[in-house]
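Chains A and B supply the protein sequences, listed in that same order. According to the working numbering, the residues represented by the first sequence are 1 to 135, in order. According to the working numbering, the residues represented by the second sequence are 1001 to 1409, in order.
If you're looking for bench data, these hints aren't it; they were derived computationally from the structure. The structure displayed is predicted, hence computed values, not measured ones. The reader is advised that the hints may include incorrect statements.
What the hints assert, rightly or not - Coverage of chain A stretches by chain B, computed from C-beta distances (three or more under 8 Å per stretch; other residues unrestricted): (1) 13-21; (2) 27-37; (3) 51-64; (4) 91-97; (5) 106-120.
For every residue, glycine included, the Cβ atom is placed at its ideal position computed from N, Cα and C.
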Amino acid sequence: MKLLKCHRGVGSRAVGEALVADDNFSARYDLDRLRGVFSRAQHRLFGQSYVDRVLVLNTAKGGVASAWMLYEMKASGLAPAAILFNRANPILAQGAALADMALCDRFEDGDVTRLIQTGQTLEVDPEAGRVLILD
Amino acid sequence: MKLTEKETAMLAGELGEAMRWAIRHQIQVGRMLDAEDTVAVSQAHMMADPESLGEAGVSFLEHLAGQGGHVAISMITDPRGVDLDHYRPLGQSEEMAELERRTIAACERMGILMTNTCINYQTVMSPVKGDHVAFGDTGVVIYTNSVCGARSNFEGGPSALAAGLTGRTPRYGLHRDEKRRATRRFVIAEQPRELTDWGVLGAVIGRKSGSYWEVPVIEGLDCIPTSDEIKHFGAAMASYGSTPLFHLAGITPEAPTLSDVGGDRLRRVIITREDLRSMRSGFGEKGDRIDVVVFAAPQLSIVEMRRLAELSAGKAFRVPVIVCTSPQVYPDALRMNFVQTIENAGGKVLQGTCFYNQYAREIGEANGWTRLLSNSSKIVNILGGYGYKPALASMEACVFSAVAGEIVA
C-alpha cells in the first residue's frame, strides 16, 4: 500500500483499477462515448475501455464540451471511476464537479503517469487530496 | 473561499435551489483552482449543444429552469447542434431535434439569449479591455482574452450557467494579472498568407505550448492580422493546446512591447517551415478522393461568406458542401445574395450550428462521409476522434476540390 499526496480535487471518493498513459485527455476529441472506449487512433489508449477505470493522464486538452459530457457519461453508466492528471484544466474540474466524479491533480512526488501503473487498484479521496495505491 | 454576504445567502438556499446549485458548483471549482474569492462578470456565454448535454444534461437544465433559475446578467449561447430548419437531410433524427427543442425551451425559461454563435466577438457584443466575463467555447475565450484584452477562463457549460445565475465567477487563472504574463516565446520565420496558414500557425504554437497554463507571446509578424485571420489563429491554438491566451508583441492590447508581458526574459523558440509542413502533412494529399467539404469552426463571418460566394459563383460541386454561419450573419448573407450563390453551386448554408457539435459521428455514418475536407485547422483536429479522415486546404482549394471530387492542391 502506498499513499500519494496531491492538490485538493473535486468529486466524491472513488475506487477503481488504474489505466495509465503518458498522453492527454478530451471527452470530445478522444472518446467513443456510446461504446465507452478511446476512439482517437493517435491516442496511447486507443481501443481500450475507460469504463469504471481510474484514468491517469498528463493533462486535459481541447474544448469545453467535456464539462457536460462527464455528467452524461456518468448518467449512462459508461464513465471512468475517477481521473488523475499531472495538471487538470478548468473544464475538467468543472465537468467533474457537475458529475460528482473524483478528479485530482498536482502530485507531490512528481509525474503521476510514472507513479502509478495500469492495473493497480486505487482509492481516490479528492477532499483530502490523496490517492492510495491498494496493491 | 471568501464569500460575499449575498453568496452566503445563496449557499444557505435563501435565493432558491438553482442559485444554491450555482454557488456550490463555483465553490468546488474555485477551491480546486485556488480562487480566494469571486469576481463580478458582465456577460456569460454558454456552450450547450444536445450532443454534449445528452438526455442527462438536458434534464438538468430543465430541472434548474423548473426551480425558477433565472440569469442575473446578459447570457448568450454557443452554436446549437441541430438546425431545426434542416436536420432530416443531414441524417439527424427526430430524437436529436427533440433534445434540441427541449434545450432551447429550458434556456429561454431561464432568460438566456439564444444567439447560437461562436463568433459573438464579431457579431453580438465584443467585451472591452479589462472586463471580466464568463465565456464558453475555447475560440471565443482565446479571442476575448488575447484580442479584446478582456478576462475569461474556459467556462464549460455548467460553469458558464452558474456564472449567469450568480453574476460572478471564481477568481482564478486568467482573472488574475500574474496568470496573464507570457511563459513561452515564439518567433515566426514564415509569414502566414491566408486563413488556413493562420490556423496552421496557431495549431503549431498550441501544440508546442501544450497546456492551459502556458501563455505564448509571438514575435516577428510583419502585418496586423484581420479579425478573421486572428480568429482562425486563436481557434486552432486553443484546440491543439487548450491555450486560453496569447500575446502578439506590438499588436495585441496587453503587449505593446515584448517586455510588457515579460517575454524578454524567455528563451526564443523559432517556428520553422518544417514545423508548419509537419502539421499539415497528416491532413490529406493532392489526388485524395473526398466525401464532403465543410466550412465551419469557427462560424463564417460576412467577409468569409462573401469570399466563399465569389469562389462558388458558377461552379457545380460534385460532393456535398456544408457551410456553418451564425444567425446574425445569415440574414445579411441572404440579403447580399451570398447564400443563394453558394447553394446554386450545390452547397448548403446552415445557421446557428457548427458542424463538429451537430452529432458529427452520426451524420457521418448516415451519409457515408469519412474523407472530410475543410479549411479549418480546428475542425480537422476534432473530427479525427469522430471516425473521419480529415484533410486540410485553403478555402480556394476546398472549393476547387469540391468541384473535382478530389483534393486538387
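Quick one: which hint numbers does this structure break? Sort them smallest to largest. Violated: hints 1, 5.
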